[in-house]
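Protein chains in written order, with the numbering used here: chain A, 69 to 292; chain B, 16 to 458.
Because the hints were derived from the structure by calculation, they are not lab data.
Only a predicted model underlies this, so the values are computations on that prediction, with no experimental measurement involved.
A hint or two may mislead.
With beta-carbon atoms standing in for the labels, derived distance ranges [unchecked claim]:
# : chain 1 : residue 1 : chain 2 : residue 2 : range
1 : A       : G215      : B       : K261      : 36 to 46 Å
2 : B       : N372      : A       : A237      : 31 to 41 Å
3 : B       : P34       : A       : T249      : 52 to 62 Å
4 : A       : G177      : B       : E85       : 50 to 60 Å
5 : A       : A237      : B       : K96       : 41 to 51 Å
6 : A       : L98       : B       : T92       : 28 to 38 Å
7 : A       : G234      : B       : G222      : 28 to 38 Å
8 : A       : D287      : B       : G361      : 22 to 32 Å
Pulled a few chain A residues facing chain B out of the computed Cβ check, cut under 8 Å [to be verified]:
#  : residue
9  : V78
10 : N105
11 : G109
12 : Y125
13 : G144
14 : N148
15 : H169
16 : S186
17 : Q280
18 : Y282
Yeah, the Cβ is synthetic: ideal placement off N, Cα and C, and Gly gets one too.
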Amino acid sequence: MEFDLQDAGVRELNQALHADTAANAQFSVLHPGGKHNVATGAIHESTVDIQGHVGYYCAGMNQNATINVQGNAGPGLAENMMSGRVEVQGNASQYCGATAHGGLLIVHGDAAARCGISMKGVDIVIGGSIGHMSAFMAQSGRLVICGDAGDSLGDSIYEAQIFLRGSAASLGTDCVEKEMTEQHQKELAALLQQAGLDYDAASFRRYGSARQLYNFNIDNVSAY
Amino acid sequence: MTKKIDISWLRESATFTKPVIREIQRAANEGIYDIRGAGAKRSIPTFDDLLFLGASMSRYPLEGYRETCETEVTLGTRFAKKPITISTPITIAGMSFGALSAPAKEALGRGASEVGTSTTTGDGGMTPEERGHSSKLVYQYLPSRYGMNPDDLRKADAIEVVVGQGAKPGGGGMLLGQKISDRVAEMRNLPKGIDQRSACRHPDWTGPDDLEIKVQELREITDWQIPIYIKVGATRTFFDVQLAVKAGADVVVVDGMQGGTAATQDVFIEHVGIPTLPATRMAVDALKDMDMHRKVQLIVSGGIRTGADVAKALAMGADAVSIGTAALIAMGDNADEYEEEYNALGTSAGYYDDWQNGQDPTGISTQSEELAKRLDSSLAGRRVANYLRCLTLETQTLARAAGKSNVRNLEPEDLVALTVEASAMARIPLAGTDWIPGQGGRY
Ligand SMILES: Cc1cc2nc3c(=O)[nH]c(=O)nc-3n(C[C@H](O)[C@H](O)[C@H](O)COP(=O)(O)O)c2cc1C
Chain A
69 MEFDLQDAGV RELNQALHAD TAANAQFSVL HPGGKHNVAT GAIHESTVDI QGHVGYYCAG
129 MNQNATINVQ GNAGPGLAEN MMSGRVEVQG NASQYCGATA HGGLLIVHGD AAARCGISMK
189 GVDIVIGGSI GHMSAFMAQS GRLVICGDAG DSLGDSIYEA QIFLRGSAAS LGTDCVEKEM
249 TEQHQKELAA LLQQAGLDYD AASFRRYGSA RQLYNFNIDN VSAY
Chain B
16 MTKKIDISWL RESATFTKPV IREIQRAANE GIYDIRGAGA KRSIPTFDDL LFLGASMSRY
76 PLEGYRETCE TEVTLGTRFA KKPITISTPI TIAGMSFGAL SAPAKEALGR GASEVGTSTT
136 TGDGGMTPEE RGHSSKLVYQ YLPSRYGMNP DDLRKADAIE VVVGQGAKPG GGGMLLGQKI
196 SDRVAEMRNL PKGIDQRSAC RHPDWTGPDD LEIKVQELRE ITDWQIPIYI KVGATRTFFD
256 VQLAVKAGAD VVVVDGMQGG TAATQDVFIE HVGIPTLPAT RMAVDALKDM DMHRKVQLIV
316 SGGIRTGADV AKALAMGADA VSIGTAALIA MGDNADEYEE EYNALGTSAG YYDDWQNGQD
376 PTGISTQSEE LAKRLDSSLA GRRVANYLRC LTLETQTLAR AAGKSNVRNL EPEDLVALTV
436 EASAMARIPL AGTDWIPGQG GRY
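Using the sequences provided together with the hints, build the complete structure.
Okay, structure coming up:
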């Protein structure tokens, strides 16, 4: 099915994606023109190919669908995604993958601030670098950064894991470097392969929670 | 032998009252601020400071029990394909599973459904018990997004985007580790036993322009079927309500400072936000200013206890009200039968507000299975339904006395204010005068 967003509305596209007929169907989206909420709330195992740039919340709450963006994505890309695969060839703006529970999110370019904020189980792979406060309060899942990270990486992180190839401008409160075991390397290598990226897993460092802030303690007050 | 002291001779400081002294001592001992449940305890202007002018020579009343007085309200008529119609203008406010036990959530659903009104999820997501027992369920969309998933979103009868709460506008939340059972931990994707912080801001939008796009996203995902509410804590209410309307809300919920909470710092509960009374006035003014009054419905909450509170809120222009604390009390919270256990917790029936710590002897604000078992959800549901029916009858009684065949026909003209403060805040004339302090001013 082809949707030219110069003529059709985002509503028609999303409605079609939610219909039972979307199962195993292929969608081609032309002239997205930075529109918001393109391909949000997909439910079925559809393939959506978006040829151009998208605005806010593209692929929001995605379930099962494979969504490709041949361009850049605005804020909130794949927010609260549950499953499926979302792949952006260009860059992504703020809070990409926010609160996402599952699936695989790949950004081949850079991602802006707060990438993976409050993530709850998703795997996020960023080919380039990410902005400040990324993985803030990240609960679970994996965030892989092939470039560098901005300030306060992993601030107040819970059980999510961060794999960083370059360097972080600074680590956030309660985020520390952790041992990278062979098992971690193996898992990371598999994830990189899934994302179609050809980096050596051994060149990454692993970060996670020091778990010092898990239960309120007045002696840690300066950290809050 | 110690001399017996007659304390009536001693002068208590108005600055350092006994509770203030106690709190300083507690802070010095424990080194942490006081976190508690419930709402502001200080005295503030409320709906009690307004009175109804019953019918008289120029207005005639309706016969109680004979002449009908409609109570049905439809919420979400602006954009939603399926607005919610409730048979009484009193809804159950959002209270999280986590803060409340599973039987408590089920009881609220049962009670609300029995009288044909809606109940609301809370931080922590939707439980099957709650969905199953609630004929109309509003699904909260909160900054933490704990348990948030599109399947539940589609199962909801409405979505409530929570920007703030009256007890803590600008504040997040904290579910203390001792209340995190396996089930709560799993629903929130976090390990058991650790404090669960709820962020104070949404993770993927900032400001009203972003919120407008977020609301569209939620509509797209739910195919424009169900209403979207926006809930704000009462602060800059005039502007907040206008911005919520601009962001595309079908319904705006305004929660005053005395509104209850499950767990918030006492300093926050007592010192941030404005009371429900002025907030109601500002919200109605904001809607009228945009010609959106009754097109976007207004729900007010915070300290609603009686049919008089309901009727006064409606008379000032609200479409419905919402209750939290009162529904917990109706289920059995603070009941005398648990006096001994309350004493063991260092408190007494009528004063218990430690809803944050999980030791609630009534089984309401706890995740202990042992304690939760004490709450019979069908009996507690019945009590909630009884209470909702009483509130509805009281509201109708007052509306009939003012000659109204529909509770929503109550109007500001039916009211007078008892105090200068209430008059100024509600913009209702002081009883016996036609005077409203500061009339003509702007916020
Ligand atoms: C135990 C408890 C838990 C609450 N949890 C939430 C919540 O999860 N989300 C929310 O928006 N408000 C929450 N609230 C606030 C209520 O939705 C509502 O605004 C407030 O209770 C209204 O004031 P009232 O308690 O005086 O009726 C909670 C209140 C209580 C008492």
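Against the structure, the hints come out as follows:
The supplied range of 36 to 46 Å is met by G215 (chain A) and K261 (chain B), whose beta-carbon atoms lie about 38 Å from each other. The hinted range of 31 to 41 Å is satisfied by N372 (chain B) and A237 (chain A), whose Cβ atoms lie roughly 40 Å apart. Distance hint check for P34 (chain B) and T249 (chain A): the Cβ-Cβ separation is about 54 Å, which falls inside the suggested range of 52 to 62 Å. Judged by the Cβ atoms, the range 50 to 60 Å given for G177 (chain A) and E85 (chain B) holds: they are separated by roughly 59 Å.
Restraint check, A237 (chain A) to K96 (chain B): a C-beta distance of roughly 48 Å satisfies the suggested window 41 to 51 Å. The beta-carbon spacing between L98 (chain A) and T92 (chain B), approximately 36 Å, falls within the hinted interval of 28 to 38 Å. Taking the beta carbon of each, G234 (chain A) and G222 (chain B) are about 32 Å apart, inside 28 to 38 Å as hinted. Hint check: D287 (chain A) to G361 (chain B), Cβ distance near 25 Å, so the stated range 22 to 32 Å holds.
A least Cβ separation of about 7 Å between V78 (chain A) and chain B falls short of the 8 Å threshold, and the interface hint therefore holds. Annotation: interface hint on N105 (chain A) holds; nearest CB of chain B at approximately 5 Å, less than 8 Å. Nearest Cβ of chain B to the Cβ of G109 (chain A): about 3 Å, under the 8 Å cut. The hint holds. With its C-beta approaching chain B no nearer than about 4 Å, Y125 (chain A) sits inside the 8 Å limit, and its interface hint holds.
A cut of 8 Å between beta carbons decides the hint on G144 (chain A): the least distance to chain B is about 4 Å, and the hint holds. Hint on N148 (chain A) holds. Least Cβ distance to chain B is approximately 6 Å, under the 8 Å limit. With 8 Å as the threshold, the beta carbon of H169 (chain A) comes within range of chain B, its nearest partner Cβ sitting at about 7 Å, so the hint holds. Checking S186 (chain A) against chain B: minimum C-beta separation of about 5 Å stays under 8 Å; hint holds.
The beta carbon of Q280 (chain A) is not positioned within 8 Å of any beta carbon in chain B (closest approach about 11 Å), and the interface hint is therefore violated. For Y282 (chain A), the shortest C-beta to C-beta distance to chain B is roughly 4 Å, which falls under 8 Å, so the interface hint holds.
Checked against the numbered hints given earlier, the structure breaks only hint 17 and satisfies all the rest.
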